[in-house]
Amino acid sequence: MAVLGNSLQRSKPQPHPSRARTAMVRRLVLAVLVLVALGLLTISFRSPNSGFLHDAQSYGSDALRPFQIAAVRVARPFRDAYDYVDSLASAKSQNAKLRKMVEDYRSQALLNASAVQQNNDLKSLLHFEAGPQYPKDFRAVNTAVVAFPSGAFSQQIVIDAGSDSGIHLNTPVVSADGLVGKVTTVGHSTSVVTLLTDPTSAVPARDLKTHVSGLIRHGQGGTLILDRVSKDQVVNKGDWIVTRGTVDRRYPDEYPYGIPIGRVVAVGTSDIASFLTVQVQPLADMSSLDAVAALVPKHARAKP
Amino acid sequence: MTFADGLKAAALLFVAAIAQVSIFSQLHVYGGVPQLVLVTLVGVALLRGAIVGAIAGFFAGLVVDTATLGQLGLTSLVLTVSGYWIGRYGETTGRDRGHAPFLSVAVVTFLYAFGILLVTFMLGERAPAGAEMRSLLPTIVMNLVLTAPAYALVRLLLRPRERADYATEVQLLG
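Chains as they are written, first to last, in our numbering: chain F, 21 to 324; chain E, -13 to 160.
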């Protein structure tokens, strides 16, 4: 009882030495890893396309490439099966639409052939000098897509070709349907392509029919916007939009003239807006790119 | 954590990271993308604790950033902190709880998205929070769907530790 009544304070419990050490080690490991990650991030951010770290990352990417290709190949049958089932659902309506389009294009092709002939004759008469023409002055580096954007706001893909194949910064990249984007980071055998749908992307473009020029930027829901088109100009729904190419040889454009980008799906305006709102549906399906082609100029002087 | 366990965890996260960048990143459902690497990391960290969780997160992030030629260190930074946090939860409150993997995945998916946004914003790059937040719910749902099979696989490879092995800071008085 005397013990219970003792007012002596119990000493503050000391942590078990091994547990205290564990806690310290745990925090130390976290601190070291965070500091290393911050260091890598700082160096990578300061020199994204050159330097020791970029080279090391590029070699690392080369080493990972076989695994990525293997993963894509493993997934391909499943993806093909999904695409097959998906396409079956819309095959009937598409068939009728495509038949009509083939008829239209057949008559259009005849007119185009005679126009091309006439154009060549006139060019030779005028001794007309032009920049590199798409596609004849470019070599297509056909390559597989090995990695896809991982976040909601990341609009980049990684392709299985790099500086070893002649690819350099700003090389245009196309798919079978049309323009996809341009190379923004080059490794030895892999490259990063920033898609047209990326917020930072801006491509000088023109309306094939009305010759109105503007800038292709990203729009809502995977569409594109033909920006900087003043309200007094005419753009019609259904018009084809292609790359504008070089206008002034002193300021060569990154994209050659004539790469198809998309088709105008809506044209709008408002009283307060200075420009038309031209919504363009891209021809290339950015969400399912299997293979693309990087356009490398055939001759060193043939820059866009 | 034995050397064999470390190798198994590294192999598992390596495969998850490669599958993430090459396969899962293509699966867009209502704007959301399933994050296999995050779900696998949750499994490893819950079963092996904070230190392994942090190291595993750093390693997985490094593989992802290298494979995508992205900002080296960005994913590592966020996954390191995520792995550490999940590991601590697994060592303490979440120990032996059946719902721990699901709760961890849901919370860490949110924190991961927020972390990536924050670091991207701090780097001065465009970080559209609206787009990320809109895709967050479908991403959480898809991650939760992945949780059960992924956690079962991780548990099969990395057997749960004995109770005495857990690092705790709870002390008895007296």
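None of these hints come from the bench; they were simulated from the model.
Hints may contain errors.
[As the list claims (entries may be wrong)] Derived contacts from chain E toward chain F, CB cut-off under 8 Å, selection only: (1) T(-12); (2) A(-10); (3) G(-8); (4) V7; (5) V15; (6) T52; (7) L60; (8) L63; (9) H85; (10) R112.
[As the list claims (entries may be wrong)] The following label-pair restraints were derived from C-beta to C-beta distances: (11) S107(F) <-> A(-4)(E): 36 to 42 Å; (12) A(-4)(E) <-> G278(F): 30 to 36 Å; (13) D82(E) <-> A286(F): 54 to 60 Å; (14) A(-4)(E) <-> F295(F): 20 to 26 Å.
[What the hints assert, rightly or not] On the chain F side, residues computed to face chain E include the following (Cβ under 7 Å): (15) Q77; (16) Y79; (17) P86; (18) V92; (19) Q175; (20) V178; (21) T204; (22) G207.
All values derive from a computational prediction rather than experimental measurement.
No residue lacks a Cβ here, since even glycine has one placed at the ideal position from N, Cα and C.
Here is what the structure says about each hint:
no., hint, verdict
1, T(-12), "violated (17 Å)"
2, A(-10), "violated (20 Å)"
3, G(-8), "violated (14 Å)"
4, V7, "holds (4 Å)"
5, V15, "violated (11 Å)"
6, T52, "holds (4 Å)"
7, L60, "holds (6 Å)"
8, L63, "holds (4 Å)"
9, H85, "violated (24 Å)"
10, R112, "holds (5 Å)"
11, S107(F) <-> A(-4)(E): 36 to 42 Å, "holds (40 Å)"
12, A(-4)(E) <-> G278(F): 30 to 36 Å, "violated (49 Å)"
13, D82(E) <-> A286(F): 54 to 60 Å, "holds (57 Å)"
14, A(-4)(E) <-> F295(F): 20 to 26 Å, "violated (53 Å)"
15, Q77, "holds (6 Å)"
16, Y79, "violated (9 Å)"
17, P86, "violated (10 Å)"
18, V92, "holds (5 Å)"
19, Q175, "violated (11 Å)"
20, V178, "holds (6 Å)"
21, T204, "violated (9 Å)"
22, G207, "holds (6 Å)"
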